[in-house]
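Undergrad: One-letter residues, chain by chain:
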Amino acid sequence: MISYMLCLVLFSVGLYCILRKRNVIKIIIGIGIMEYAANLFFVLLGYRTHGRSPIYAIDQEIKSMVDPLTQSVVLTGIVLGLSVTLLLVAIAIRIYERYGTFDITKITKLKG
Amino acid sequence: MIEIHLILLFMIAAAVIAVEVKDLLSSIIAVGGVGIGLCMAFLVLKAPDLAIMQLVVEILSLIILIRATIRKDVPFSVSGRWVFNTTSTVIFLAVFLFAAYIALKTVHQFGSPEMRVLRTYLEEAFPLTGSLNIVEAIAINFRAIDTLGEATAIFAAVIGVLAIARKSARRKE
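Chain order of the listed sequences is A and B. Per the numbering used here, the first sequence starts with residue 306, numbered consecutively. Per the numbering used here, the second sequence starts with residue 908, numbered consecutively.
No lab work stands behind these hints, which were simulated from the structure alone. Think of the CB as a built atom: it goes at the ideal place given N, C-alpha and C, for glycine as much as any other residue. A couple of the hints might just be wrong.
Here are some of the chain B residues that sit facing chain A, going by a computed Cβ distance under 10 angstroms [stated by the list, open to error]:
1) L916
2) S968
3) K1074
Throw the hints in and build the complete structure from the sequences for me.
TA: Structural data, given as structure tokens:
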């Protein structure tokens, strides 16, 4: 329970960064922190006390493994998070080229 | 599980530093610290595949973010309704955490997941697929369409980056 709540505190730090900061790069960082917290929450849900990593071995009992399904889902999520960061950074670089700033309150004009 | 708590506290501290520090390069390096903490947490939680993947992705995203901010360090303004905005944000986050605390009581205890779906995967993975690593067996065999969708999404992201950053769009300025 404490681990879950600490993970959600990490999530809300990222959410605070998105809601409150005006720099585009800081917003990208906040999205990254939220993504880390979501991935970690999945893996925390699948953890078993005194469990072993889900790889077969001769002397290993099946009942003592941690949940492989959540790890498999997170494996997809990590790579997708990288592509999201890539796309956001490309947009941020174009915004800097057009407007000369990262401040979202100064990016008000629509230019084609 | 004192070590996972310590790693989580380290990650929260690094995240707060990354959010609050003025310099953008320091902020990006601090978020790299959060990623390395996540890598350690995956190792403690017995997920070595995820730790390897997280390390690679962390280094790549650090390089990409540094490319975006190098020699572009602009100070951003803190004018406007600072007190009102911060107070409303903090109240919203407090409500969020309280609702999450109520909702998490229905989730199973930390360290004892339910075995209903899990047992099938654990018992059938090696006889059906022949893979010793069950995570890879699920990712590539049982959920292969999911992995195909992931590849499609990465491809779409790369096409998006190429469309945004291409030269001919810049020349019209």
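Undergrad: Against each hint, give a clear statement of whether it holds in the structure.
TA: Each hint tested on the structure:
{"no.": "1", "hint": "L916", "verdict": "7 angstroms, holds"}
{"no.": "2", "hint": "S968", "verdict": "5 angstroms, holds"}
{"no.": "3", "hint": "K1074", "verdict": "12 angstroms, violated"}
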